[in-house]
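Note that UniProt numbering gives residue 60 to position 60 of the sequence shown, counting from 1, and the numbers run on in steps of one.
Hints in this document: simulated from the structure, not taken from any laboratory. The structure displayed is predicted, hence computed values, not measured ones. We put the CB at the ideal spot given by N, CA and C, even for glycine. Check the hints yourself; a few may be wrong.
Stated by the list, open to error - Label-pair distances were calculated between CB atoms; the ranges are:
no.: 1; residue 1: LEU72; residue 2: MET181; range: 41 to 47 Å
no.: 2; residue 1: LEU72; residue 2: ARG31; range: 34 to 40 Å
no.: 3; residue 1: LEU13; residue 2: MET181; range: 29 to 35 Å
no.: 4; residue 1: LEU13; residue 2: SER133; range: 16 to 22 Å
Claimed, not checked - Derived SDA-like pairs (lysine to any residue); straight-line CA-CA distance at most 20 Å:
no.: 5; residue 1: LYS125; residue 2: SER20
no.: 6; residue 1: LYS121; residue 2: LEU206
no.: 7; residue 1: LYS125; residue 2: LEU192
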Amino acid sequence: MSPGKTSVNIVNLGKVAYQSALQIQQQYVRRHFDSSIQTPNTVLLCEHDPVYTTGIRRALYPAEEEQKLRDLGADFFRTNRGGLITFHGPGQMVCYPILNLGCFKKSVRWYVCELEKTVIKMCGKFGITASTSPDTGVWVGNNKICAIGIHCGRYITSHGLGLNCNTDMSWFDHIVPCGIMGKGVTSLSLELGRDVTIEEAAPVLLQAFSEQFNCMLSKAESL
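Construct the complete structure from the given sequences, taking the supplied hints into account.
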């Protein structure tokens, strides 16, 4: 490992149920909390079957609206991440960094900004001009290409980002994504006018993550 660079393991979970991914995140977080276990910083990459999730302001989302979404064939989960409702599903790359921010000696706000900058840098590598806005996430014009919602407890992060690659965007028609009125959603495929798969986008995102967080990435052999 290069001097001054934090080591981060990459674990590709492939397509996994949201609840399973949540449990895996919680396992990593508990390992970090257990001071007797040497736990590496880790980034979990995955893709979910259709699921809607809400954040810490979940009480604002009525039960009858939840049932309407379930009737579409999607799961629904209320979580402890930041933000309001969003969608995860096939064609969307989900990235859950489980990091000890103490290793970076930085704040939670810094971390969220670095996630945004990572995605902006990745979009730039595809020739897409993306930016931030007063609302968390990454945008191309008035359309959100990447939603970000994190949780941080005792300097250990969980949850993360969902980047639309070749997602079926019609799933977003049934919600106000992240509770932001008057804005739309987009994907790498829509912006480039061609099919961009998760498999194509993942190494580009990881390269941008490594550069932005000044860290060394390595593939983990197991969970």
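The hints, checked one at a time:
no., hint, in the structure
1, LEU72 <-> MET181: 41 to 47 Å, "violated (21 Å)"
2, LEU72 <-> ARG31: 34 to 40 Å, "holds (36 Å)"
3, LEU13 <-> MET181: 29 to 35 Å, "holds (33 Å)"
4, LEU13 <-> SER133: 16 to 22 Å, "violated (30 Å)"
5, LYS125 <-> SER20, "violated (32 Å)"
6, LYS121 <-> LEU206, "holds (11 Å)"
7, LYS125 <-> LEU192, "holds (12 Å)"
When each numbered hint is compared with the structure, violations occur for hints 1, 4 and 5.
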